[in-house]
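Participant: Sequence:
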Amino acid sequence: MLFNSIDFATFLPFVFCVFWILNKSNLKIQNVFILLSSYVFYGWWDWRFLSLIAASTLVDFILAKQIFKTENKRKRKLYLLGSLSFNLGLLGVFKYYNFFIENFVSGFSFFGINLEANHLNLILPVGISFYTFQTLSYTIDVYRNKLKAVGDPIVFATYVSFFPQLVAGPIERATHLIPQFEKRKSFNYQNAKEGLQIMLWGFFKKMVIADNCSLIADQIFNNYPDQSGGTLFIASVFFAFQIYGDFSGYSDIAIGLSKLFGFDLMKNFRFPYFSRDIAEFWRRWHISLSTWFRDYIYIPLGGSRVGKLKVIRNIFIIFLVSGFWHGANWTYITWGAINAVYFAPYLLLNRNRNNTDKIEEGRIIPKPRVFLSIIFTFCLTCLAWIFFRSDSMEQSINILTKIFSPSLLEINTNIFTPNNRVTILLLILFIIVEWLNRNQEHTLVFLNSWNSKIIRWSVYSLIIFLIECTHLRQKHRLFISNFK
1 MLFNSIDFAT FLPFVFCVFW ILNKSNLKIQ NVFILLSSYV FYGWWDWRFL SLIAASTLVD
61 FILAKQIFKT ENKRKRKLYL LGSLSFNLGL LGVFKYYNFF IENFVSGFSF FGINLEANHL
121 NLILPVGISF YTFQTLSYTI DVYRNKLKAV GDPIVFATYV SFFPQLVAGP IERATHLIPQ
181 FEKRKSFNYQ NAKEGLQIML WGFFKKMVIA DNCSLIADQI FNNYPDQSGG TLFIASVFFA
241 FQIYGDFSGY SDIAIGLSKL FGFDLMKNFR FPYFSRDIAE FWRRWHISLS TWFRDYIYIP
301 LGGSRVGKLK VIRNIFIIFL VSGFWHGANW TYITWGAINA VYFAPYLLLN RNRNNTDKIE
361 EGRIIPKPRV FLSIIFTFCL TCLAWIFFRS DSMEQSINIL TKIFSPSLLE INTNIFTPNN
421 RVTILLLILF IIVEWLNRNQ EHTLVFLNSW NSKIIRWSVY SLIIFLIECT HLRQKHRLFI
481 SNFK
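Residue numbers (the working numbering): 1 to 484.
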């Protein structure tokens, strides 16, 4: 079920009302209701994949209990290995099997040995990467004695499948989210109001910014052989905002939605495109995933408290794994490697913590040096995104070759259609609003200081109007496409 669908518009009010009605009854009944609602939400797409999330839940619930009550180190490791093998095995089969088999065959063909590849025609279950990491973090934390094993299977199952963040995060930690299912909630109007504000801006980012930017990016990238270097770089900028709007927009909707039910999820994006260096960017981008890799891979490998060669090794491992996590393609792995190259010098020179303060606090216009550092960091990010966006390494290299050529100074003016000019104006407005609220907890918090309800509701109405216009535009394009 998609957040921006009619189905969800019906689903949410029903679940919200029943949840708070049940708040007066037994806590377990309320959790059972959230669990069933989450399974309906996930199974709406394809009910067959409920068996996978149920299996992961059952396996990790049992194995974590065994780890917790066993003092024998060897048995504890075996139980942990069982959890890792089962969950990563499922992820590997559904997401990475065909990638590995194709590269295995390609490797042999390089030496003149021709093999036949037996592909699996499997549909990738939505959200499997997210809930797999979420349930694994629970088992690992129990193994590390950071957390007691949960005794209530309903609480654990609800933690794994909590519908606001089930499909695309944030990837929550058991230490943070599980205790929230063990306490009775009380409805808080201010909390709910803040949640609706965060959701509204999330929908704006997803439907107005991401969806409109994707139209321009696709228009250019799908015809990249005919485009100039300057036009292709512009496409990378639009793709940068497309992926930011998609990822952070979904996270905002999930965080705001959780607040409606009295739950608190971790912040996942903190205005990353205003970062002053790459190290700061990775503290602000997809925070729940970055910190997951830090805590469960980077630090266990020794982190930065080892020799320089091992530090470089550790950096490349987490970025390569991060790239591979995003998709089974060499383009994603290369994207990870490029970011490792970007990041490594900062860590090796102890400059990775140079920009931990607020961004130009108290200033509307940034200092020239800060402005240039933000633009430079953003440009580096856009160049890396080209690999993320491309279908193949060949396409990525061809696009970059054009960008790093004299045609970088040329821009195809036919991309500036009336609709695209509207998108550019909306994007500029979006950047201004985000910049002015870059040091706030969320973007629309500034409206709370406005005493005039008329002005506040005018802003809300404008955002809703823009969201609806984009929705109607998308439906029109789909209708025309189907008609053709």
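Mixed in with the good hints, there may be bad ones.
Pair ranges (Cβ atoms, derived) [said to hold, decoys possible]:
{"id": "1", "residue 1": "Arg-184", "residue 2": "Asn-414", "range": "56 to 62 Å"}
{"id": "2", "residue 1": "Glu-394", "residue 2": "Ala-192", "range": "25 to 31 Å"}
{"id": "3", "residue 1": "Thr-291", "residue 2": "Asp-218", "range": "45 to 51 Å"}
Heads up, simulated BS3-like pairs for lysine-lysine below, C-alpha to C-alpha not over 25 Å straight-line [to be verified]:
{"id": "4", "residue 1": "Lys-69", "residue 2": "Lys-193"}
{"id": "5", "residue 1": "Lys-185", "residue 2": "Lys-69"}
{"id": "6", "residue 1": "Lys-183", "residue 2": "Lys-65"}
{"id": "7", "residue 1": "Lys-65", "residue 2": "Lys-75"}
{"id": "8", "residue 1": "Lys-146", "residue 2": "Lys-95"}
{"id": "9", "residue 1": "Lys-95", "residue 2": "Lys-148"}
{"id": "10", "residue 1": "Lys-146", "residue 2": "Lys-24"}
The hints are simulated quantities; they were obtained by calculation from the structure and are not laboratory data. The structure presented is a predicted model; accordingly, all values stated were derived computationally and were not measured. Just so it is clear, CB atoms sit at the ideal spot from N, CA and C, and this is done for glycine as well.
Participant: Against the structure shown, which of the earlier numbered hints fail to hold, in ascending order?
Facilitator: 2, 3, 4, 5, 8, 9 and 10
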